[in-house]
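*Asks:* Chain order of the listed sequences is A and B. FYI, the numbering for the first sequence is 1 to 674, going by full-length UniProt numbering. FYI, the numbering for the second sequence is 1 to 674, going by full-length UniProt numbering.
Derived from the structure by calculation, the hints contain no laboratory data. Every clue listed holds true.
Here are the simulated DSSO-like pairs of lysine-lysine, each with C-alpha atoms no more than 30 Å apart in a straight line: (1) B:Lys-520 with A:Lys-486; (2) A:Lys-259 with B:Lys-663; (3) A:Lys-12 with B:Lys-259.
Which stretches of chain A does chain B cover? Using the computed rule of at least three CB atoms under 8 Å from a CB of chain B, they are: (4) 317–329; (5) 580–591.
Cβ-Cβ distance ranges computed for the label pairs, FRET-style: (6) A:Glu-128 with B:Asn-28: 53 to 63 Å; (7) A:Glu-56 with B:Pro-235: 35 to 45 Å; (8) B:Asn-26 with A:Lys-581: 35 to 45 Å; (9) A:Thr-185 with B:Asn-26: 27 to 37 Å; (10) B:Val-5 with A:Ala-521: 25 to 35 Å; (11) A:Leu-674 with B:Asp-215: 39 to 49 Å.
Each residue gets a CB set at the ideal place from its N, CA and C atoms; glycine is no exception.
Protein chains: 2
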Amino acid sequence: MSNSVPRTGSIKNKIVASDLEEERKNLNFDQMELTEFLYYGKENYAKYQGWIKLVEKEPILANHHSWYDMTREEQMECQLQKSRRMYEIDRKEYFHDVENGFIAWYNAILKGVYSFGLNFTMFMTCIESLADDEQRNQWLPKLKDLKMIGCYAQTELGHGSNVAGIETTATYDNTTDEFVINSPTLTSTKFWPGDMGKISCYSCVYARLISNGKDHGVQPFLVQTRDLATYEPLPGVEMGDIGPKFGYQSKDNGYQIYKNLRIPRYNHLKRFSEVDREGNFKLKGDQRILYSIMLLTRVQIISYAPFAIFQALQIGTRYAVVRRQFSTLDGTKLERKLLDYQTHMYKYAPLLAYAMAFKFSGHYLIKLYEKVMDGVKNNDFSQLELLHHLSSGYKAVYTKITYDAIDDVRQSCGGAGFLQWSALPQYQQDYAPNPTFEGDNTVMLQQCSRLIVKTVKGLAKGKKAEGNFSYLNNILGLIEMKSTAKTVEDVLSVEFLETALAVRSAFKVKSTVEDLMKSKASENQKANSEFAIDIISMSTAHVMYTTFYNFKNGLSIIKCNSLKNHLNNLLRLYSISELIKDNQCLYESGFFSSGIMNLLNQALKQLLKTLRPFMIPIVEAIQIPDVILTSSIGNSYGDIYETQLEWAKSSRLNKSTTIRGFKENILPIVNGKL
Amino acid sequence: MSNSVPRTGSIKNKIVASDLEEERKNLNFDQMELTEFLYYGKENYAKYQGWIKLVEKEPILANHHSWYDMTREEQMECQLQKSRRMYEIDRKEYFHDVENGFIAWYNAILKGVYSFGLNFTMFMTCIESLADDEQRNQWLPKLKDLKMIGCYAQTELGHGSNVAGIETTATYDNTTDEFVINSPTLTSTKFWPGDMGKISCYSCVYARLISNGKDHGVQPFLVQTRDLATYEPLPGVEMGDIGPKFGYQSKDNGYQIYKNLRIPRYNHLKRFSEVDREGNFKLKGDQRILYSIMLLTRVQIISYAPFAIFQALQIGTRYAVVRRQFSTLDGTKLERKLLDYQTHMYKYAPLLAYAMAFKFSGHYLIKLYEKVMDGVKNNDFSQLELLHHLSSGYKAVYTKITYDAIDDVRQSCGGAGFLQWSALPQYQQDYAPNPTFEGDNTVMLQQCSRLIVKTVKGLAKGKKAEGNFSYLNNILGLIEMKSTAKTVEDVLSVEFLETALAVRSAFKVKSTVEDLMKSKASENQKANSEFAIDIISMSTAHVMYTTFYNFKNGLSIIKCNSLKNHLNNLLRLYSISELIKDNQCLYESGFFSSGIMNLLNQALKQLLKTLRPFMIPIVEAIQIPDVILTSSIGNSYGDIYETQLEWAKSSRLNKSTTIRGFKENILPIVNGKL
Ligand SMILES: Cc1cc2nc3c(=O)[nH]c(=O)nc-3n(C[C@H](O)[C@H](O)[C@H](O)COP(=O)(O)OP(=O)(O)OC[C@H]3O[C@@H](n4cnc5c(N)ncnc54)[C@H](O)[C@@H]3O)c2cc1C
Ligand SMILES: Cc1cc2nc3c(=O)[nH]c(=O)nc-3n(C[C@H](O)[C@H](O)[C@H](O)COP(=O)(O)OP(=O)(O)OC[C@H]3O[C@@H](n4cnc5c(N)ncnc54)[C@H](O)[C@@H]3O)c2cc1C
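Construct the complete structure from the given sequences, taking the supplied hints into account.
*Replies:* See the structure below:
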């Protein structure tokens, strides 16, 4: 260990900080294999690189730190300019050939949330899934070419999670063959949809279909809301932005109020139901497919979570190996790198472990989704329930952990993480809606529990549990087990960790299901008043176990042995972190007994030590280039001071030496003139 | 339970929502006693009401929701106008007679962080504590009258937590009898101080005092930075705002770079050290008093924490008793109030319990602070160490929990909590620096541990532990104890809860101190590399136990019996929440054994049920009026929809029907012209 002052990084002069360079030398595995894995495959990563090349070539597309200092209006204009340029460059590539993951890339290369994000996800998915063939052929090409720009108008002021409570009405008028769209109450105001306020000219409106005096429940309708020539709102619709938010500044989440707005009967999305000329309503096809829209978005949210953690970690970890503060490591006079504090490794390494675990689940879930959708096309709905169960549980647990992880990284950077220039605040703020939208997390964990309960009830009837439920076949055995772990090596064994997580989940499942079955209360009371806490806790433990299962089983596809070794350590760290966080059931069941705490603690510290040298090589596998990252403390040069000061100087408030209002209001006081 | 549709609240028409009215009827205790307690006494509360009356009378002082939609420049101007008005109304009352708590009130009645906040806290405290009498007499009246506006310039780009590493120099020039202030390196740039960039004209600069070629360590200097007539920066100082942040938008956290800036020798704050005409440096008085500046600020942070939680809860709880979603309670056809979900009570009630616990600690600590400072004035430093220990530990633990609590409440409101109009995002964003400034939390918990270790080592030498350390006198007895709790009533007894928290802390203290004493590593390695995690965990457990102790002992001052009853339940809930969160040591020590989990779970649910009817009466004791609160979902009328829509309509983006850049960039695409 040397005492010579480390070389300072400078992005301007292309000098890499020696502290960062040194960390990179610890690379001992096939980093590209990890990178491609993180991007869900070689092909996807190549695509991402394509986007980046484009951004590097076209200055208007590049991110600039001034973004963080812009007003909402300016940010939105900046994004529209970028979109326009993409359209000019290659409208086929960037708009017409929209494919899975398009939005994820677009969001990942842009600062802020993509202007047409809802058009190309929820709105498009709606048309794809709920419109019949004729409607799809007519509308899909238009929306992909931005001739129709749409939003997904489900939520109302009065109803978010409870979609069945929606109040907007679409009343069939058989004299004109039209639906008349109305917002009959204050609470029926459409409120929240992204792209609704300013960008879109169409809404996919969820409304109660009323025909011949009968309410047929909530149905989707394509509603034009603006004049396409002038882009003014049409008569019969009042609309606008809903205001500033915690994040999502560049997104025009909006409101719409309808007053006798007429649309052709044709605009009812009619793949699964139809109203005829006389107003008779009928269902068509298997309604279970309606699940699939939310499912896709949830799978996307789940598969994006690890990326969100990696993004933050790439910044935090680089900062933590260049930033030095306080007492020295033995043998040197330099201050200590933040990452050389045990507490700092404990802040970061578990997050990396969770991110990796989520990644393997993501891989598993994407495959499952494809399989299930193939099935559905052939009228096989057998695995839809499983996919719903997993995607709702994973969505809830992963988004919560991910949101907290980004915030933890931000806080771990001290003051620097509180500055927008670090990029961390916006990551956190823009990630924040994930626990809320596409199914509020509390509600999702309730839904996730259903298949668990059903499976356990099935066991009693002799029905075997399968796949990552199969641990429940041995539910009684599990809760009787006693750990035989005596050494740190024992608790670090994958078998021990798997068993411990399985026992924990089994214990919660068993006691919750028993409570539910014993209680004489109504189903409603049981789920919401009496055992709601237990249900959430049970679902979470099950999610954590199955996540382990996906991680462990997924490792077989990794080729490089030293990479596999690191991933194995992250699998262990994931498990140990879980077992430290929530272990009460394990003592209660007798699986854990006195002494295990010390072993877990030592195992944790050992893993932190083992992983320490490889943090930079592992985290940097995410390969987000500086031109995208736009962080004053996380660039690839380890330049954590020069850029911070330079960007500070560029603060908008520095355009003049004092601020507006000072000379008028305060200077007279200072000068004794008041 | 009735099925009739609840009456909607309307702040405009002064109609209280029937759902909220109904909850208020559950008030069964002396709410004013609680209110006065929450404000640290009758007198303080009267003062707060005085501020509010003023705000209600003077339209320019009132908060307006447009604040949330302002740029940083606009917010700052708005605050300067308010300050000017206060100065005009009564400069004596609002400026000259600045007292403890002034800033807390100012921050509580304003949106955003007060423009002169640092002048009236850190800067003023510096002059008060570190300047000698002559300097104080000269400067204090000026700064209170805004003739001098100052900031506290400690942190540099390169050094935050490690103040000893500061690089700015103040070199004595005996030819002119001046100090020459310099920023010799990039990393010595002053960076972060509030009020520094735009508002202040003086800085209390921490710099290395160099005289006759010798470095005498970091010392405070009063440095003028702007010309008072023009308010332009003086030659020799480059200064500005550091940029947009996660929160604190209206605060000009700044940077300053000094280049041969000369100040008279007199401007060295010389209460505790002095440089004579020849440049000889000497210390004066007891240096331990230097502690006291940070101590005061930390005590203020601690005593503000419960207010911050209550603020958020007042909004969340009102929303949760008016907002209804999904399934009904048995016996009614209405949707269920959010607060009637067990999970929702579990989101809020423990936060209320923690807030109350922090409140009692705040009371205890303020008294201790006064006692210690009285002692210090008479050269009695005996309790300074205890105060440092408690204030660092409480600061770290409470700010973390408080920050998370505000965020939890924000998330629990679904989409509505993501809108700035709800007031919750800004609470969270402005609270966010608390875990970082005035001593980073990780560093604080390290410091907190020292007195614990010292106390245990003292025990071995026969020295008795006192006050809220006295549980450690029985450390060996505690870790041998077995719980005899058999029923839910047993675990709800205050004795059981106290013992459990004491055992938990004692167990951690014992094992950590033993580890520290056994290890052969250097002190540095032990504290930072080997046992850092354990030290943090031990300090936290000790803080939680002593918090219980303050809560329990503090209850004796409560007069109203039914209020005391509620507080007793909150004391229990605080403890049960802690024991559910972290109980591993209790199983390890044998205090807990199989079966206790179920009892704790039942006890928790019972407390949630018991507290449910009183949530509104308890939370509303904080009495923040609508004109201060400025929340679209938390006003006193339970108007959660009308205001939300009205404010939405006023969004800045709605000044025109489309947004800037749309017609230029995108409309040509929509219209097929590109
Ligand atoms: C940034 C953002 C973008 C959005 N974009 C769109 C969009 O494009 N289109 C669109 O239609 N909508 C959109 N939404 C709305 C989003 O779908 C809703 O916010 C979401 O469905 C939650 O509903 P809510 O906000 O009404 O919360 P609520 O459903 O009112 O929930 C509030 C609270 O009650 C609790 N709760 C509710 N039900 C239960 C229950 N059964 N058990 C226990 N607790 C319960 C929740 O956990 C939560 O804490 C968006 C929202 C955000 C924040
Ligand atoms: C809004 C705001 C206002 C401020 N106002 C002022 C002001 O008015 N005047 C002023 O002088 N300063 C001010 N500051 C600066 C503030 O005092 C520093 O941010 C604070 O001291 C922390 O220092 P840092 O940011 O350099 O973080 P660092 O000290 O670099 O810490 C970064 C990380 O390293 C970890 N770390 C550091 N040391 C250790 C250790 N020994 N053991 C384990 N972990 C460690 C920390 O836990 C943290 O995670 C302000 C900051 C903010 C955010």
